[in-house]
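J.: Here is how the chains run, residue by residue.
2 protein chains.
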Amino acid sequence: LCYLTGGMTAPDPRQREALMELEASMQTGGRMLLTDAELRLDALLFKMKQQEVERADFPPAMHFFKARHLIRTSPIFQLLQKMPKGGALHVHDFSMVDVEWLVKNVTYRPHCYMCFTYNQSVRFIFSSQGPKPLPRCSPWILLENFRAKMINATELDNSIMGNLTLFTQQDPETVYPSQDAVWDRFEQAFLAVWGLVTYAPVFRDYYYQGLTEFYMDNIMYLEVRALLPETYELDGSTHDRTWTLKTYQEVTRQFTEDHPDFFGARIIFTVHRGINISAMTGVVEEAMKLHRDFPDIMAGFDLVGREDRGRPLWYFRDALSLPSERGVPLPFFFHAGETDLEGTEVDQNLLDALLLNTSRIGHGFALLRHPVARNISKKKEVAVEVCPISNQVLKLVNDIRNHPAAVLMSENHPVVISSDDPALFGASGLSYDFYEAFVGFGGLGSNIGSLKALVINSIRYSSLTPKQQEKVLALWQTSWNKFCNNSKNAF
Amino acid sequence: LCYLTGGMTAPDPRQREALMELEASMQTGGRMLLTDAELRLDALLFKMKQQEVERADFPPAMHFFKARHLIRTSPIFQLLQKMPKGGALHVHDFSMVDVEWLVKNVTYRPHCYMCFTYNQSVRFIFSSQGPKPLPRCSPWILLENFRAKMINATELDNSIMGNLTLFTQQDPETVYPSQDAVWDRFEQAFLAVWGLVTYAPVFRDYYYQGLTEFYMDNIMYLEVRALLPETYELDGSTHDRTWTLKTYQEVTRQFTEDHPDFFGARIIFTVHRGINISAMTGVVEEAMKLHRDFPDIMAGFDLVGREDRGRPLWYFRDALSLPSERGVPLPFFFHAGETDLEGTEVDQNLLDALLLNTSRIGHGFALLRHPVARNISKKKEVAVEVCPISNQVLKLVNDIRNHPAAVLMSENHPVVISSDDPALFGASGLSYDFYEAFVGFGGLGSNIGSLKALVINSIRYSSLTPKQQEKVLALWQTSWNKFCNNSKNAF
Ligand SMILES: [Zn+2]
Ligand SMILES: [Zn+2]
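Those sequence lines, one after another, are chains A and B. The first sequence begins at 13 in my numbering and counts up one residue at a time. The second sequence begins at 13 in my numbering and counts up one residue at a time.
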């Protein structure tokens, strides 16, 4: 299409039409063939989105904490909840389950102790004979006794809940004035959850409950980034990493048996980027071993923790090159570019992740600023895992319409939508993030084709074998057809 | 450069180096050859920027109203002030001069009347025999009398000043909670200034003062978007559009004579996008006539007013096609894409501006979301006039590091930096916007080459003839060399 005629001519409406169509066809899902049922649903979605855009309080322009109750009542959101969303490829192990379940179920179990840290957080432990005191924490309180003395435990429960999530009813800008402040609280909440979820019986139940919550949100497959910690029993004895991975395997099997329309889950083993080089070498070796011994459940390897404060990938290049040097497969799924420190060492993580042959990129928020990395990612089809609510809560972007994924999607850059740490952000499953993507950075131009493409991407860019992918796709197609046919009646 | 080797190899540090260099060379100014003096200055700038990035209060991440006092004390800003910045290509007629000058000079002139509107703004008029009452405004007050009764007029002056600008010491998020709110105040401030600056003697002085303020900020050339309004005299008699344009011509000549190292200014005739089609046809015809009769001062034509609320360019396509249909030259400099309403009619302005053969694009904030328009703009070298502070104050972007120009500059898309309505935003000249560009979206990767390229762009993408451009470039080169040589001593 020659659009450079230029010069002294009045614009040709047919050329304009053609260019607009060209642009629409370039976006994610822009060339998707649609069935009649899909087209009908699309017309409905467009009308809904127009109404949404006209709202004075446009949710994607607001902080998610303020927008959540508005999103919940939005007809588009309710439709997106019902939509079969395929896979959730970027979710962390200990933020899968609504914190209310942790408080109302887990902390009510016997032998649960809590203490108050000196920096306004809490810690937990289960113990049969009473735990050892923790430095920088109050004496341990047995919750069972503590609650027995109360007439109404709701206030305590709410206060515990507030410690396990970043979500707050207060003004988020005031509570979290800076990236440092919000990351500090992020880490405190993580540590608060730790003692609960690493208790072996809870660990098992937590994961099952996590799968349930994603399943209820119409997700059929998960790739969970997991630290594979030691877990402990009431008597203080512990289980090693292999136990943890095996437990993931068993619970996934159990859940898939209980829910035949759920396909399964795989684990991406993660380690904190704060460790030193020799520790990293050991961990990579262990990861290769686990990947060899548990090929069905173990998808690959990643580093976690705040990029801006941690060590860059290049610092660990020798350890991370071990698999390729030894010819041992270990797929990487690196977090990279979750930063706005343009031009720093950390900002090189995107390029380095690609040079280390990462299979996908976690976040890739800074990708647009790196045209070379962006080209490589596009040509090698290294999908970007976009987590809009996470990026907003962790203060990389304010108005979701300005999220860089708007640009990536306008050019059909391989992307998937995910939720990172939904429980920490007061979200759940993928529907909230799909809402932000579809209504926020998707704009009026994104449509049912975009949604379908995003869902198919979540299967195509998963770590599953081509054969498995076909199976998931077939399973998904059935629910999708049902969804499209039902939706036109429901609204 | 083959970067797709991939597969099972450890990353090659030389390849990595090469890719990083490739990326650096792709950015605006990335292939600029630098002199020794420039390289020395660059080393200094890099150190300064590193210190700036480490500040807890990083100014580009803050609202400009809160950041201004921090920017003023920044060594980089002080250096950018001294830097010869070439041309300011996107500046509006009645926001060139610090509002303090309007209050302390203009409102102190004899026969100046003021009234208070019912919506908390003010209006002004100069009149010899007392003006007619204005609807929805208090009775007129002669400022001379009013001030004579006061012991201390400072409070009044400050309150007047607050009405002439959006700048405020209060929390900008509270004062301007939404785009609607800030645009309302924008229009009120504009109307408040109107009665002062359309008084013929003030009109002349205001423009001279405007040129002075830009000249003091080391700018040597301006393209002013001007409404070319009727001006009035004390007795209520008026001058027509031709008088106004001639006055611009005369004052520019005078100023250039008074300042031989200043090159000059040209006018882009603007009309509000709220008018109807037949009025637009008349205005375009008048613009063609003015362009024919005043070829030296009259650069072209543009539409102004908030895009989201006004009529899209395509609505005026017949009127705007008149010049090309008649074979009469009338260069366009359209505002387009100053919006986040993705996918709406207004959002088509970018493509339509290009189809109407615009010479440059004002703002182009939404350009990244339109890959087709972006390609055309790049291939046809239609420069984007980037006004970071304007976009932030008018609530398109919060953290300047997320400004889309970061991406445009990473690929050497033709851009120039401008200030739109500096007086309304509490800025002046171009230095504040250069600061936001260089320290904010430029990141650590932008350097002296980027600055030089931006300045050269402002001459190359001006409406001047190639011959005039050579002259300006030569004039600029002299000051630039001096600047580079002096800076190394000054810091
Ligand atoms: Zn993550
Ligand atoms: Zn403008």
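Some hints here could point you the wrong way.
[Stated by the list, open to error] Below, simulated DSS-like cross-link-like pairs (lysine-lysine); rule was C-alpha separation at most 25 Å, straight line:
hint	chain 1	residue 1	chain 2	residue 2
1	A	K161	A	K116
2	A	K390	B	K390
3	A	K116	A	K59
4	A	K391	B	K94
5	A	K392	A	K258
6	A	K390	A	K479
7	B	K94	B	K390
8	B	K391	A	K390
9	A	K301	A	K258
10	B	K94	B	K161
11	B	K479	B	K59
12	B	K392	B	K494
13	A	K78	B	K301
14	B	K390	A	K391
15	B	K391	B	K258
[Said to hold, decoys possible] Looking from chain A toward chain B, a few residues come up when the C-beta cut is under 8 Å (computed):
hint	residue
16	R28
17	M32
18	T259
19	G276
20	R329
21	E337
22	L368
23	S371
24	A418
25	S422
26	G438
27	R472
None of these hints come from the bench; they were simulated from the model. Think of the CB as a built atom: it goes at the ideal place given N, C-alpha and C, for glycine as much as any other residue.
J.: Determine which of the earlier numbered hints do not hold for this structure and return their numbers in increasing order.
T.: 3, 4, 5, 7, 10, 11, 12, 13, 15, 18, 19, 23, 26 and 27
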